[in-house]
Amino acid sequence: MAIKIKLCLLVAGMMAASCSGNHSNNTDTLGTAGKKDTALANAADAPVVNMQYCFYHTDGTAAQDTTTVNILINGDQVTGKMNWVPKEKDARKGTISGKLNGNAIKALWTFSQEGSKDTMSVEFQLRGNALAQKPYSYDAKTGRQQTNTKADYSIIYNMKNCTN
6 MAIKIKLCLL VAGMMAASCS GNHSNNTDTL GTAGKKDTAL ANAADAPVVN
56 MQYCFYHTDG TAAQDTTTVN ILINGDQVTG KMNWVPKEKD ARKGTISGKL
106 NGNAIKALWT FSQEGSKDTM SVEFQLRGNA LAQKPYSYDA KTGRQQTNTK
156 ADYSIIYNMK NCTN
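In our numbering, the protein residues as written are 6 to 169.
Hints listed in this document are in silico derivations from the structure and should not be mistaken for laboratory results. Worth double-checking, as some hints may not be accurate.
Pairs of lysine-lysine, DSS-like flavour, derived with a Cα cap of 30 Å [claimed, not checked]:
| id | residue 1 | residue 2 |
| --- | --- | --- |
| 1 | K86 | K98 |
| 2 | K155 | K165 |
| 3 | K98 | K111 |
| 4 | K155 | K104 |
| 5 | K139 | K104 |
| 6 | K146 | K104 |
| 7 | K139 | K111 |
| 8 | K139 | K165 |
| 9 | K94 | K122 |
| 10 | K146 | K111 |
| 11 | K122 | K139 |
| 12 | K86 | K122 |
| 13 | K111 | K122 |
| 14 | K139 | K94 |
| 15 | K92 | K165 |
Kindly produce the complete structure, drawing on both the sequences and the hints.
Here you go:
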């Protein structure tokens, strides 16, 4: 059963890589990155490295609030943009930077909202042609949102074509 699940995840990842991402044109003339990338790519359930992935999630009563996540995986480094754009509210737009471990991503989201700059840790998991995120919780002591690290990955993003 576990072999079937891994095979399905591998096939889904390969399909997602072939039709929706943009491969990086970065070259490593010494070949050192290739060894590291090959090791990461051969890890169980690992996503394709040196590739761009783009996702979106809508929520709200009429799916009027949108969050987009566009990431580039280069070895175990993850960089990109994350924008939360709710209807008739102030958006959070910024960059993410973090690490890939297997299919899990832990990153720091640096964003602007209402003219102020802020940061928040975010946690994702790549799942074939979807991205899952741990939800936020409110910390009454700090008065801020934070990632609920004890929660499951319950916010699901759909893959979309990357456009530059």
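Consistency of the hints with the structure:
no.: 1; hint: K86 x K98; verdict: holds (8 Å)
no.: 2; hint: K155 x K165; verdict: holds (28 Å)
no.: 3; hint: K98 x K111; verdict: holds (18 Å)
no.: 4; hint: K155 x K104; verdict: holds (19 Å)
no.: 5; hint: K139 x K104; verdict: holds (16 Å)
no.: 6; hint: K146 x K104; verdict: holds (28 Å)
no.: 7; hint: K139 x K111; verdict: holds (10 Å)
no.: 8; hint: K139 x K165; verdict: holds (20 Å)
no.: 9; hint: K94 x K122; verdict: holds (16 Å)
no.: 10; hint: K146 x K111; verdict: holds (23 Å)
no.: 11; hint: K122 x K139; verdict: holds (22 Å)
no.: 12; hint: K86 x K122; verdict: holds (15 Å)
no.: 13; hint: K111 x K122; verdict: holds (20 Å)
no.: 14; hint: K139 x K94; verdict: holds (22 Å)
no.: 15; hint: K92 x K165; verdict: holds (21 Å)
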